[in-house]
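When you get a sec, could you build the whole thing from the sequences and use the hints?
Residue numbers (the numbering used here), protein chains in the order written: chain E, 1 to 335; chain Z, 1001 to 1552; chain A, 2001 to 2274.
Some hints could be false.
[As the list claims (entries may be wrong)] List of simulated lysine-lysine pairs, DSS-like, C-alpha gap at most 27 Å:
id : chain 1 : residue 1 : chain 2 : residue 2
1  : Z       : Lys1202   : E       : Lys54
2  : Z       : Lys1548   : Z       : Lys1297
3  : A       : Lys2046   : Z       : Lys1413
4  : A       : Lys2163   : Z       : Lys1412
5  : Z       : Lys1372   : Z       : Lys1316
6  : Z       : Lys1292   : A       : Lys2163
7  : Z       : Lys1229   : Z       : Lys1531
8  : Z       : Lys1128   : Z       : Lys1206
9  : Z       : Lys1413   : Z       : Lys1316
10 : Z       : Lys1149   : E       : Lys54
11 : Z       : Lys1361   : Z       : Lys1374
12 : Z       : Lys1548   : Z       : Lys1098
13 : E       : Lys54     : Z       : Lys1206
14 : Z       : Lys1297   : Z       : Lys1315
15 : E       : Lys46     : Z       : Lys1149
16 : Z       : Lys1206   : E       : Lys92
17 : Z       : Lys1128   : Z       : Lys1098
18 : E       : Lys46     : Z       : Lys1315
19 : Z       : Lys1226   : E       : Lys92
20 : Z       : Lys1368   : A       : Lys2046
21 : Z       : Lys1128   : Z       : Lys1292
22 : Z       : Lys1315   : Z       : Lys1483
23 : Z       : Lys1477   : E       : Lys46
24 : A       : Lys2163   : Z       : Lys1367
25 : A       : Lys2163   : Z       : Lys1297
26 : E       : Lys92     : Z       : Lys1112
27 : Z       : Lys1315   : Z       : Lys1206
28 : E       : Lys46     : Z       : Lys1177
29 : Z       : Lys1206   : E       : Lys46
30 : Z       : Lys1372   : Z       : Lys1412
31 : Z       : Lys1367   : Z       : Lys1315
32 : Z       : Lys1322   : Z       : Lys1477
33 : Z       : Lys1548   : Z       : Lys1128
34 : Z       : Lys1141   : Z       : Lys1177
[Claimed, not checked] Label-pair distances were calculated between CB atoms; the ranges are:
id : chain 1 : residue 1 : chain 2 : residue 2 : range
35 : E       : Tyr123    : A       : Ile2195   : 29 to 39 Å
36 : E       : Gly56     : Z       : Asp1319   : 55 to 65 Å
37 : E       : Arg74     : A       : Asp2267   : 34 to 44 Å
38 : E       : Val261    : Z       : Asn1529   : 46 to 56 Å
39 : A       : Gln2197   : E       : Ala131    : 22 to 32 Å
40 : E       : Ala203    : Z       : Asp1231   : 15 to 25 Å
Just so you know, these hints were derived from the structure itself, not from any lab.
Note that the Cβ used here is the ideal one computed from N, Cα and C, for glycine as well.
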Amino acid sequence: MRTYLLRRLALLALVLVGVSLLTFTISHVIPADPARQAAGPRASDKQVQALRHKLGLDRPLPEQYVNYMAGLLRGDFGYSLTSRRPVAEDLKDHFPATIELALAAMLLSLIVGIPLGVASAVYKDSFLDHAGRVVCIAGVALPIFWLALIFQLVFYRWLNIFPSGMRIATGMMPPPAVTGLYTVDSVLARNWPALASSLWHLAMPAIVLAFASLAWIARVTRTSVLETLGHDYVRTARSKGLTERSVVYRHVLRNALIPTVTLIGLQVGALLAGVFLIEIIYSWPGIGFYTVNAVMALDFNAIMSTTLLVAVVYTLVNLVVDVIYVALDPRITYT
Amino acid sequence: MKARMNPHWYSILALVVLAGLLLTACAPAAAPAPAAAPATTAPQPTTAPAASGERQRPLVVLMPTEPNTLDPAVNYDYNGAPFLGVVYENLVRAVGEKDPKIVPGLAETWEKSADGLTYTFKLKEGAKFHDGSPVNAEAVKFTFERLLKLNMGAVANFSSIDKVEAVDDRTVRFTLKVPFTQFLPALTSLWGPGIVNPALVKAHEKDGDLGQAWLAENDAGSGPYKLGKWDRNQQITMERDPNYWGGWGDKTADTIIVRPIGESTTMRLMMEKGDADVAIGLTAEDADALAKTPGVKVPEYMGGGIVEMRLNTTKKPLDNPKVRQALNYSFDYEQAVQGVMSGHARPMDSIMASGMAGHYKPSFTYKKDLDKAKQLLTEAGYPGGGFTLDYVWISGLERDRRLGEMWQADLKKLGIDLNIREMPIATWWDAQAHPETAPQTFMGAWGNDYADATQQVWAMYYSGNWPPAGSNYYFYKNEEVDKLLEQARVEQDQAKKDQLYQEATEIIYTEAPEVWVMQPNDRIALRDNVKGYEYNFSYSYNYFPFEKMYKE
Amino acid sequence: MRLRAVIRRRPVILFSLLVVATLIVLAILGSHAAPYDPLAVDLRMKLQAPSSAHPFGTDDMGRDVLSRVIAGTRLSVQTILVIMVSSLAVGLLVGTLAGYFGSYLDEGLMRVTDIFLAFPGLILALAIVAALGPSLLNAMLAISLVWWPWYARMVRGQVLAVKENQYVEAARAIGAGHVRIMVRHILPNCLMPVIIQASMDMGAVLVTTAGLSFIGLGAQAPTPEWGAMVGVGRRYLLSAWWYSAFPGMAIFITVMGLNLLGDALQDVLWSRVK
Chain E
1 MRTYLLRRLA LLALVLVGVS LLTFTISHVI PADPARQAAG PRASDKQVQA LRHKLGLDRP
61 LPEQYVNYMA GLLRGDFGYS LTSRRPVAED LKDHFPATIE LALAAMLLSL IVGIPLGVAS
121 AVYKDSFLDH AGRVVCIAGV ALPIFWLALI FQLVFYRWLN IFPSGMRIAT GMMPPPAVTG
181 LYTVDSVLAR NWPALASSLW HLAMPAIVLA FASLAWIARV TRTSVLETLG HDYVRTARSK
241 GLTERSVVYR HVLRNALIPT VTLIGLQVGA LLAGVFLIEI IYSWPGIGFY TVNAVMALDF
301 NAIMSTTLLV AVVYTLVNLV VDVIYVALDP RITYT
Chain Z
1001 MKARMNPHWY SILALVVLAG LLLTACAPAA APAPAAAPAT TAPQPTTAPA ASGERQRPLV
1061 VLMPTEPNTL DPAVNYDYNG APFLGVVYEN LVRAVGEKDP KIVPGLAETW EKSADGLTYT
1121 FKLKEGAKFH DGSPVNAEAV KFTFERLLKL NMGAVANFSS IDKVEAVDDR TVRFTLKVPF
1181 TQFLPALTSL WGPGIVNPAL VKAHEKDGDL GQAWLAENDA GSGPYKLGKW DRNQQITMER
1241 DPNYWGGWGD KTADTIIVRP IGESTTMRLM MEKGDADVAI GLTAEDADAL AKTPGVKVPE
1301 YMGGGIVEMR LNTTKKPLDN PKVRQALNYS FDYEQAVQGV MSGHARPMDS IMASGMAGHY
1361 KPSFTYKKDL DKAKQLLTEA GYPGGGFTLD YVWISGLERD RRLGEMWQAD LKKLGIDLNI
1421 REMPIATWWD AQAHPETAPQ TFMGAWGNDY ADATQQVWAM YYSGNWPPAG SNYYFYKNEE
1481 VDKLLEQARV EQDQAKKDQL YQEATEIIYT EAPEVWVMQP NDRIALRDNV KGYEYNFSYS
1541 YNYFPFEKMY KE
Chain A
2001 MRLRAVIRRR PVILFSLLVV ATLIVLAILG SHAAPYDPLA VDLRMKLQAP SSAHPFGTDD
2061 MGRDVLSRVI AGTRLSVQTI LVIMVSSLAV GLLVGTLAGY FGSYLDEGLM RVTDIFLAFP
2121 GLILALAIVA ALGPSLLNAM LAISLVWWPW YARMVRGQVL AVKENQYVEA ARAIGAGHVR
2181 IMVRHILPNC LMPVIIQASM DMGAVLVTTA GLSFIGLGAQ APTPEWGAMV GVGRRYLLSA
2241 WWYSAFPGMA IFITVMGLNL LGDALQDVLW SRVK
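What follows is the structure, given as structure tokens:
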């Protein structure tokens, strides 16, 4: 296990270097002149040239890459054109909001998806099974941005159940930032109205975001449980006279959930992608909102920094998932 | 084995259910919007002063984007106006829904020398910054010297300043390089002349940035409101300064919360439900819908901004004035106003916006006339058109996209192909910097920094103002016009000035370096219980006299 | 024969076949199948609710939404085909080379795929399109760049499995060259799982393209691409719900049909492979 971990970490470092190289390359393909952008539309050509020199943009590419990496390791992501602040500060402001949303969606899809998948498998071909599969098929096929719009229309406009976007009611002060997650911080500060308000604002975006994930998780869990249920040791357990419930919980679930665990890693990626679209529609001030606005303004430091950040998070999550997978399944050994 | 209905048919059912959901959700949309009681989910702010009920509730204002900096010497976009207008003060301000007048601000009197080169201001007694220190002549001197040194934002309007002197504690003297006649109106602008507290700015200076980094998010002003917390992309708060030197009336809003909501749809929803009190930057359709919603009113005012399609006069075939005139006769001004703006605009009758000082009318007006356009094209050597034009619109400005699509259809009838392209604003800046890379045609808008149309004329048609430093986006150059504008700028005699501008207007209109599309109206959405709003023609719909506004 | 058996088992296949058939027909016919010119502007008719004259209503420039949805079918089909073909081609090439030659080439190529796979798809595509400039072509290019690593991985796995087979050894023994071995012996046996996967991916590809266009980074005005229409229609959601609803519905139905078809194909073909 230890060698496996070490090897994975070494690979991780390599991949991250590659990721930074890729983002660096992309940000140098851009059509607009970054020096002109930084100088603004009214700067004269001479001013732009001076700025280009000051920013080191006229150095050879490899040298620029080294400076870029050095900056990254220092925590310097460059300067954002739209907010006129260091990108690192913008990221610090916006990232917690995205984490809160992604976590909520992940939790929701697990809490609803796994039981749904298990029940679907155990009560195969019942109404519950069919209903579950309907949700699955819809969830996978529905474009998430379209679903978000429909939800906004139905649940905010007509049914008045959920508020539209933003993280907390207007005028209410957010709780003092410990984690940056309004829900968690409200609990820590024992500010119950803030907790209620932030949960309520979190609900609709999280539900929409969870929809597709939930569908996948339920689907995979169902297949996996069905497969496991067919195994010999289950028949043995049943013939020993154990109750169905005991069979399911103690023998089946542990093995059946293994593929689901791997899926979680993939789903985090899908969630991160979906969160970009959701944040735009619900004006949720996370990095998705920030990045899409940065794309409109061609604010490349911002765009590439968030892309890099997302890749790092995704890679780390997958590493954790893989390790858990190995720990869970005694049959698997990784060289 | 009993036959079971195949589970996958339920997927079809899913579709039907979804469709049904859609239709039931949307059918009521055909009926008038529901009456929304102002059900704010906001509890009282924790800093509630011991005042009457009307003061306690925050005033929530929605706008499309937040500013990037609130430093009055650096900010140069409309998003800064709601803050700059009430956190900072100028020597003089402009007021009036139309026909603006200049009124005292921090200065109580002023005089101009006969040769127009010297302006002397006497400051009001007792004017104080938020921290209690007095607004004196030193502060004014510091502000303008800082503005000129930083050389950003709206500094071009003040380039005529030679020096600023603090004659005594309450007297400031400006000496100009040339007798620029619009110096006083320029001082009313929200961008640049906001007086800053020198002590605070100097205390927070870092690495020679003259305090920019600190002032971007902090407050060094003297106005009725103080800048509060800024949660990026969420909200910016302003608090009433109870010690404001100008005193307070009976009814005001204690707290202003400004939220940058990018989506017009979301803004509309929030207004309908009472989650917000004021909204600007809505699409025409959303504003129309809000106007019909009980509980919301959407007053409309003649705006001072214009929408124009700029032509790159250095690129063939746009270098031929007859072709440009033909384009002016090909545009459907009526449809632009009625179809795209739903009637909330007016066509233009000149090169500049109407309704303000400095407006002059040429001897004729362009109207859609395809026959005339065809004739002009033939005269220019392009019978039947036969060329392609690039049309660029800036990302996010849907109106400009629609204008382009509308024009494309008409140009087809003249045998001209329009290639519509979207450009993010940064790419456009880059392209616009040089005549070879600037787009052939692109739709843009212009708003004056202060209510005088001659500002626009100078910025746009003087050949010394070619990009990148200036706004002469057409790369227009006419030596006669140059001479006329140079003279008019410093001409003290009003009658002579009028004559010079009239001549210049005629020439420019005839040479048609652009297509003058329309002058949109300014619309603000307000809930019925918001009182005290007054539209200011000089500062347009982005400025709010918060000190006079309150909720009932 | 086999088809009938499959249909009997899962009648919903009829639905997906119907969807795919409609897609193909509309793609071939293009704008000719539409009742109105999808690009004809008439501002007086803007934002009309669905009626008998305009079953899907009109958009903000007065164009018939039904016609635009029909015209968009061809674009969607083209998009899917282009992306699938290019990513499959690159994936097959890289995967085969990596699996066949092994050692350093394999390690190197797999690290490259790791790097691409470290990004969630939409996000990398977003960054690439931002760099190249918004257009449908650039969106297709970006998505292809994001998709090929999956296929490369799959192919490599397949190649590794097939490589040790006896007939490959035999071919090598009689002196066949690398290329010949790869093309004639290895590749044909790897194709099946990859094609099955591709068929299941088609829906996802469409949704990703639509997502990019929705943000404004894909097809540009006035192209009648479904995702772009949902994106523009969002601004009129409350006054003109049909503008976003119908193109979105088109995406939904298409993806569902493609997914179900992919599922069925998987059923049919896997049993043959196994």
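Okay, the hints, checked on the actual structure:
1. Lys1202(Z) to Lys54(E): holds, 26 Å
2. Lys1548(Z) to Lys1297(Z): holds, 18 Å
3. Lys2046(A) to Lys1413(Z): holds, 21 Å
4. Lys2163(A) to Lys1412(Z): violated, 61 Å
5. Lys1372(Z) to Lys1316(Z): Holds, at roughly 21 Å.
6. Lys1292(Z) to Lys2163(A): violated, 72 Å
7. Lys1229(Z) to Lys1531(Z): At roughly 25 Å apart (the allowed maximum being 27 Å), lysine 1531(Z) and lysine 1229(Z) satisfy the hint.
8. Lys1128(Z) to Lys1206(Z): Cα-Cα ~25 Å, so holds.
9. Lys1413(Z) to Lys1316(Z): Judged against 27 Å, a Cα distance of about 20 Å means the pair holds.
10. Lys1149(Z) to Lys54(E): holds, 20 Å
11. Lys1361(Z) to Lys1374(Z): Distance ~26 Å between lysine 1361(Z) and lysine 1374(Z) Cα, so the pair holds.
12. Lys1548(Z) to Lys1098(Z): Holds, at about 19 Å.
13. Lys54(E) to Lys1206(Z): holds, 18 Å
14. Lys1297(Z) to Lys1315(Z): violated, 47 Å
15. Lys46(E) to Lys1149(Z): Since the Cα atoms of lysine 46(E) and lysine 1149(Z) sit roughly 18 Å apart, the hinted pair holds (cutoff 27 Å).
16. Lys1206(Z) to Lys92(E): holds, 22 Å
17. Lys1128(Z) to Lys1098(Z): violated, 30 Å
18. Lys46(E) to Lys1315(Z): holds, 24 Å
19. Lys1226(Z) to Lys92(E): Measuring from Cα to Cα gives roughly 26 Å; hence the hint holds.
20. Lys1368(Z) to Lys2046(A): holds, 21 Å
21. Lys1128(Z) to Lys1292(Z): Violated, because 44 Å separates the two Cα atoms, which is more than 27 Å.
22. Lys1315(Z) to Lys1483(Z): Holds - the C-alpha atoms of lysine 1483(Z) and lysine 1315(Z) are around 25 Å apart, at most 27 Å.
23. Lys1477(Z) to Lys46(E): holds, 22 Å
24. Lys2163(A) to Lys1367(Z): This hinted pair is violated, its Cα atoms lying about 75 Å apart.
25. Lys2163(A) to Lys1297(Z): Cα-Cα ~75 Å, so violated.
26. Lys92(E) to Lys1112(Z): violated, 51 Å
27. Lys1315(Z) to Lys1206(Z): violated, 46 Å
28. Lys46(E) to Lys1177(Z): Distance of about 25 Å is within 27 Å: holds.
29. Lys1206(Z) to Lys46(E): holds, 25 Å
30. Lys1372(Z) to Lys1412(Z): Cα-Cα ~15 Å, so holds.
31. Lys1367(Z) to Lys1315(Z): This hinted pair holds, its Cα atoms lying about 24 Å apart.
32. Lys1322(Z) to Lys1477(Z): holds, 16 Å
33. Lys1548(Z) to Lys1128(Z): Between lysine 1548(Z) and lysine 1128(Z) the Cα gap is close to 20 Å, so the pair holds against 27 Å.
34. Lys1141(Z) to Lys1177(Z): Cα-Cα ~17 Å, so holds.
35. Tyr123(E) to Ile2195(A): 29 to 39 Å: holds, 35 Å
36. Gly56(E) to Asp1319(Z): 55 to 65 Å: violated, 40 Å
37. Arg74(E) to Asp2267(A): 34 to 44 Å: With a Cβ separation near 54 Å, arginine 74(E) and aspartate 2267(A) fall outside 34 to 44 Å, so the hint is violated.
38. Val261(E) to Asn1529(Z): 46 to 56 Å: For valine 261(E) and asparagine 1529(Z) the Cβ distance comes to about 55 Å; the hint holds.
39. Gln2197(A) to Ala131(E): 22 to 32 Å: holds, 28 Å
40. Ala203(E) to Asp1231(Z): 15 to 25 Å: At 21 Å between Cβs, range holds.
Hint compliance for this structure: hints 4, 6, 14, 17, 21, 24, 25, 26, 27, 36 and 37 are not met, and every other hint is.
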